[in-house]
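Enquirer: Chains as they are written, first to last, in numbering that gives the first Met the number 0: chain A, 0 to 360; chain B, 0 to 360; chain C, 0 to 360; chain D, 0 to 360.
Just so you know, the hints here were simulated from the structure itself, not pulled from any lab data.
Treat the hints with care, since some could be wrong.
What the hints assert, rightly or not - List of simulated lysine-lysine pairs, PhoX-like, C-alpha gap at most 25 Å:
hint : chain 1 : residue 1 : chain 2 : residue 2
1    : A       : Lys96     : B       : Lys273
2    : C       : Lys266    : D       : Lys96
3    : B       : Lys304    : A       : Lys266
4    : C       : Lys266    : D       : Lys304
5    : A       : Lys143    : A       : Lys212
6    : B       : Lys304    : B       : Lys96
7    : D       : Lys273    : C       : Lys96
8    : B       : Lys96     : A       : Lys273
9    : A       : Lys61     : D       : Lys61
10   : D       : Lys266    : C       : Lys304
11   : A       : Lys273    : A       : Lys212
12   : D       : Lys198    : D       : Lys304
13   : B       : Lys269    : A       : Lys96
14   : A       : Lys96     : B       : Lys266
15   : A       : Lys304    : B       : Lys273
16   : A       : Lys304    : B       : Lys266
17   : B       : Lys163    : B       : Lys212
18   : C       : Lys212    : C       : Lys163
19   : A       : Lys304    : A       : Lys51
20   : A       : Lys51     : A       : Lys198
21   : B       : Lys96     : A       : Lys266
22   : C       : Lys143    : C       : Lys212
Residues per chain, in single letters:
Protein chains: 4
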Amino acid sequence: MNTFGNLFRLTSFGESHGAAIGGVIDGCPAGLEVDVNFIQAELNRRRPGQSKLTSPRDEKDKVEFLSGILDGVTLGTSIGFMVRNADQHSSDYNNLKDVFRPSHADYTYQTKYGVRDHRGGGRSSARETIARVVGGAFAKLLLKRLGITINAYVSRVGEVDLNKAYSCLDFSLTEQHPVRCPDLETAVLMEQRILEAAKAGDTVGGCVSCVIKGTPVGWGEPVFNKLHADLGHAMLGINAVKGFEYGSGFEGTRLSGSEHNDVFQLKDNKVVTKTNYSGGVQGGISNGEDIYFRVAFKPVATIFKEQETVNLQHDPTVIIPHGRHDACVLPRAVPIVEAMAALVLADHFLLNQTSRIENLL
Amino acid sequence: MNTFGNLFRLTSFGESHGAAIGGVIDGCPAGLEVDVNFIQAELNRRRPGQSKLTSPRDEKDKVEFLSGILDGVTLGTSIGFMVRNADQHSSDYNNLKDVFRPSHADYTYQTKYGVRDHRGGGRSSARETIARVVGGAFAKLLLKRLGITINAYVSRVGEVDLNKAYSCLDFSLTEQHPVRCPDLETAVLMEQRILEAAKAGDTVGGCVSCVIKGTPVGWGEPVFNKLHADLGHAMLGINAVKGFEYGSGFEGTRLSGSEHNDVFQLKDNKVVTKTNYSGGVQGGISNGEDIYFRVAFKPVATIFKEQETVNLQHDPTVIIPHGRHDACVLPRAVPIVEAMAALVLADHFLLNQTSRIENLL
Amino acid sequence: MNTFGNLFRLTSFGESHGAAIGGVIDGCPAGLEVDVNFIQAELNRRRPGQSKLTSPRDEKDKVEFLSGILDGVTLGTSIGFMVRNADQHSSDYNNLKDVFRPSHADYTYQTKYGVRDHRGGGRSSARETIARVVGGAFAKLLLKRLGITINAYVSRVGEVDLNKAYSCLDFSLTEQHPVRCPDLETAVLMEQRILEAAKAGDTVGGCVSCVIKGTPVGWGEPVFNKLHADLGHAMLGINAVKGFEYGSGFEGTRLSGSEHNDVFQLKDNKVVTKTNYSGGVQGGISNGEDIYFRVAFKPVATIFKEQETVNLQHDPTVIIPHGRHDACVLPRAVPIVEAMAALVLADHFLLNQTSRIENLL
Amino acid sequence: MNTFGNLFRLTSFGESHGAAIGGVIDGCPAGLEVDVNFIQAELNRRRPGQSKLTSPRDEKDKVEFLSGILDGVTLGTSIGFMVRNADQHSSDYNNLKDVFRPSHADYTYQTKYGVRDHRGGGRSSARETIARVVGGAFAKLLLKRLGITINAYVSRVGEVDLNKAYSCLDFSLTEQHPVRCPDLETAVLMEQRILEAAKAGDTVGGCVSCVIKGTPVGWGEPVFNKLHADLGHAMLGINAVKGFEYGSGFEGTRLSGSEHNDVFQLKDNKVVTKTNYSGGVQGGISNGEDIYFRVAFKPVATIFKEQETVNLQHDPTVIIPHGRHDACVLPRAVPIVEAMAALVLADHFLLNQTSRIENLL
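If we strip away everything but chain A, and leave its shape as in the complex, we get:
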């Protein structure tokens, strides 16, 4: 089950210390101009070693395209791609071969499959998200043609909370600071919090928020594949994610209906809503307003402290992980959240093409 999407589909492969991470993008319409520099730039936002906040594993994460593109344009055929793994330090993991790291996937993989690649977490490593970022970059290129923008940013690190509505933020500043919070004062505090955790050999969690502007009315399949349900599915499939909420989210459930309803009105002869507690989705279908949601990331499970656990033989033991790890995944999660959002939207864009017969004749 390594395929995501219905019409715009990403199939991915790759272990952290295997030969390569890669995938196949299927269903991307023909004739899309492929901006290779943009795709590589998206990967660079995800890659380790990009700042002092991220793992020092030195991966160039250079993507190679294997098919589906000619003369800078998609052919309508499947697009194969891969990123070679280069800077593996597999021996860092020798001592973990037979041990289950707490709150990692070691124990569950071992029990499910009877075998696992223990090196760097194998398939459960966040390196797997390389394929998501490449797939998402194609989706972004498609959505750009429709005037849709997707901006994610770090909105909380531990208790350091960006207490501002997204409408008060300037997303052009997000990439100005390695922590990827567009409010630079808060970004500095977040950075301190991360470095403090790192210094203590510990880790810290938080939230990423995401705002999508420009989605037309009508995207989303209204029963099981509501637009926000597919977005939630996409986000919850990212490593370390513990929760998803859109629009007014958990807090909105404290309001009464009369407070929460988004009244329709006209603006420049267009139907808009006065408020947007709905988060741009009503009945599972986009209503033309901004789509926004928030994603919870747990603190990284790899800490540099002694921890009790059990081993393959089910004997108690203790571990102190080696290896190179982020003290906080949030800054690098930003492009991943955007990529998954883009994949969902591109898929629903294509799905919506056939909703009305009058558009087909």
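Since chain A is already given, all that's left is putting chains B, C and D on it; use the hints.
Expert: Relative to the frame of chain A, chains B, C and D by itself:
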């Protein structure tokens, strides 16, 4: 896109004021004993008119099975079923034919499809969940054979919060009170809150929590279809849901890794975790601990107050909805949350059958 | 696995002697006018008891629609439908409860599922095709809007072969004779052959041919889901089908490449091919020429002669089937072949909407 | 739509003159020993340049595995692989850039996608089948563990027909002659026929037959995904295939039911059939007998003769193809037919795991 699941699949149909709501259950293994009384009892938990807290629409919601069962046992073939709609008051909706109710699906359906069934919300009505409850009941019958139990309950209504860990609750009390909170003191407060909202012609939201016990280690597809991602997808596909979190959820992101990690230990020669911030899922795969999650439901959009809006011709207008509606969906959402959870688990149970070659020979 | 199609999907249910046969059509675009009389007429072409050539089981096969249609137009939501089984003579099958009829599905169902509905073949009965005909009728309504016609006909019964190219036939005559061969002289011979077999308590097989006119260039997914591969899949899924060939088929493999190639030329400024050995599909994609194919149907397995077999206890026994059966399925297979072809084409019509970005902007 | 299969899935990519052909195998159970030499040997049976009967394009077709395997065993994760294209002579195709070769996919790809890779046929090239052979090799490794064997062979070239039942053949001889017909006398005649065609700059078609032994009773999904329907789908998706028949096929439709029925009897306390017109499948489900089928391949469309056609601008023109091509695809089609059959069987093996509840408890 009215199909849910990969191997254990539910395809559903039906509008609120159409002839029937129903569906097809496909992939249910042959030889499962079908307890029709249990299935009907699940529907009764969902149906309107069951208490003063719910819509007075008087629907018996009697399920009729059309195929796939013989002599009380599933045949392995697809199971068709339906529930006739009986007590429609379609004329209640005449005045809404050309008007978009705020925070409803009217505007988005109309724009997406160019046509809609305005009577009772059509396909966007919560009556659609009848099919989910029937499908979920089959999934529950299957999971029961494995010793798995699923218990949902109302954990918050507006600001009335059940501030107790699930381990302190006695789920056998949930059905004792129509509000479906197993803490009966809190249930009374919740009921008051709902009736107060109803009296004001207003509505109120809240949260449903759900606990799954007895899941073996190994269920879940670890990349895009992580067990919790599929649970989240299922929940976010239910009408009025705004958020999903599992295990430590949003609050857990405030902890450090050293606080949050679930240390493995042995108990009766079995690998268990000391804490369960992971919510029973690690790396997207069940680890044998309790699975628990929380779902946010917005306040019902239908309020009996005058509201501004626009109509089909994009002219401003005002509405006061008629019809029969719940002031709070939460009590009736409990069996729906359980049903969707059961469908996800049954599907992953079947998917997991083929994960290891040694189990296949 | 009772769902057919990718975007235009049919999910079906029903056993021969169960309560009903039915299904759910999903993905049909909104706004399609539903000609209920046409759909019922298609079912009437399939139903038993329509002529002396078909089983005397007297089923009106009246379709009831349960959802997805309002004021004669599709809503874009899933369309539930069913046909009640009425004239079952289940007791005819009492003696077959524990016996495996030769060349039937009794033994394989029993072994696969451990249980089966022996009455009238249960799910393996050709009554299951009712759902296909209803689904196909919607697909035909959609394709009609595009000017596409689908005409199947009986082209061989036993050794009675219609030795004429389809271009020499007048399809308006197909329904003039109950055998459904548009060449009425041949139809009479075919009828004699069928009645002769029936008189002998025996059965006879043959071929159905099908011609699709008006398909635009570009339909088909060129690797695994070539247009002809999906047509073949659809046909081979019909009961009693043993083979499928399209265009020049098996015979064409005897030609050399220079004889077989379809040279392109211009006609009225349109690209056409001089010959059409390709059968309207090149590289798995329609090329605008007529699509034509041929389907082989085995002789019906139910014969009214004593046959050796084994029973549930694996003891040798003999049977003489009772019940009501066609001596030849071909006349009633004609609307089924058309229905399945229509489902495939409608699906590929929708799939092709997203092949090029320039059509999406 | 470049994915094949439901549980055992192959997703493929690659153009003839692009960087690589490859794919992702998903759903292969963990713990399968990967015999890399066997996989490469299967590729060698498919590769060009293996004999004087095949295209002289000199491709080593060396497969590289990118993920999913550790210490010679599958991990249960997705298996990425690729074969670099090496010996492209892309300039051979310069003159074909704007021309539509007769009976090729040039015109249909161009019209569908608005763009195409004209070099070597791009995605429509038979080089695409490399991914099928690799995927099929994994499926074969799985099926071997169950004692299932799959043997395809060339049964007709033009008019040179192997007129022998498969039961009279010794499949160990198939690889003894480059034409891949196990009857060596017939093989010589076939070879002569192919060389004769090649000498004339022409091509020749024919048939491949395939026999599967050892399939247990119960595989196949009995409505739309009958085992033979999925086999037919798989075969018709191979380039140049024009027809598929299984068991008694088209010829069997000339028999009466009393001749054609396969009577059940006991042999060594096992239920078997006296004859096997059913081809090992009844009601869409395997019955334990040999599965056999026949596939029609048209003569290769690339001939070295002048042919009329039209160009991109829809002007008449003539072409004489250059490039390197087989005069007959049949010898190289043999491993491709086997690979696709293996993929279908492996998928149905996995699908059948969940058919009965008693096998799951």
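Enquirer: All hints, please: hold or fail.
Expert: Going through the hints against the structure:
no.: 1; hint: A:Lys96 to B:Lys273; in the structure: holds (22 Å)
no.: 2; hint: C:Lys266 to D:Lys96; in the structure: holds (23 Å)
no.: 3; hint: B:Lys304 to A:Lys266; in the structure: holds (24 Å)
no.: 4; hint: C:Lys266 to D:Lys304; in the structure: holds (24 Å)
no.: 5; hint: A:Lys143 to A:Lys212; in the structure: holds (11 Å)
no.: 6; hint: B:Lys304 to B:Lys96; in the structure: holds (18 Å)
no.: 7; hint: D:Lys273 to C:Lys96; in the structure: holds (22 Å)
no.: 8; hint: B:Lys96 to A:Lys273; in the structure: holds (22 Å)
no.: 9; hint: A:Lys61 to D:Lys61; in the structure: holds (23 Å)
no.: 10; hint: D:Lys266 to C:Lys304; in the structure: holds (24 Å)
no.: 11; hint: A:Lys273 to A:Lys212; in the structure: holds (16 Å)
no.: 12; hint: D:Lys198 to D:Lys304; in the structure: holds (11 Å)
no.: 13; hint: B:Lys269 to A:Lys96; in the structure: holds (20 Å)
no.: 14; hint: A:Lys96 to B:Lys266; in the structure: holds (23 Å)
no.: 15; hint: A:Lys304 to B:Lys273; in the structure: holds (17 Å)
no.: 16; hint: A:Lys304 to B:Lys266; in the structure: holds (24 Å)
no.: 17; hint: B:Lys163 to B:Lys212; in the structure: holds (18 Å)
no.: 18; hint: C:Lys212 to C:Lys163; in the structure: holds (18 Å)
no.: 19; hint: A:Lys304 to A:Lys51; in the structure: holds (20 Å)
no.: 20; hint: A:Lys51 to A:Lys198; in the structure: holds (12 Å)
no.: 21; hint: B:Lys96 to A:Lys266; in the structure: holds (23 Å)
no.: 22; hint: C:Lys143 to C:Lys212; in the structure: holds (11 Å)
When the structure is compared with the earlier hints, no violation turns up for any of them.
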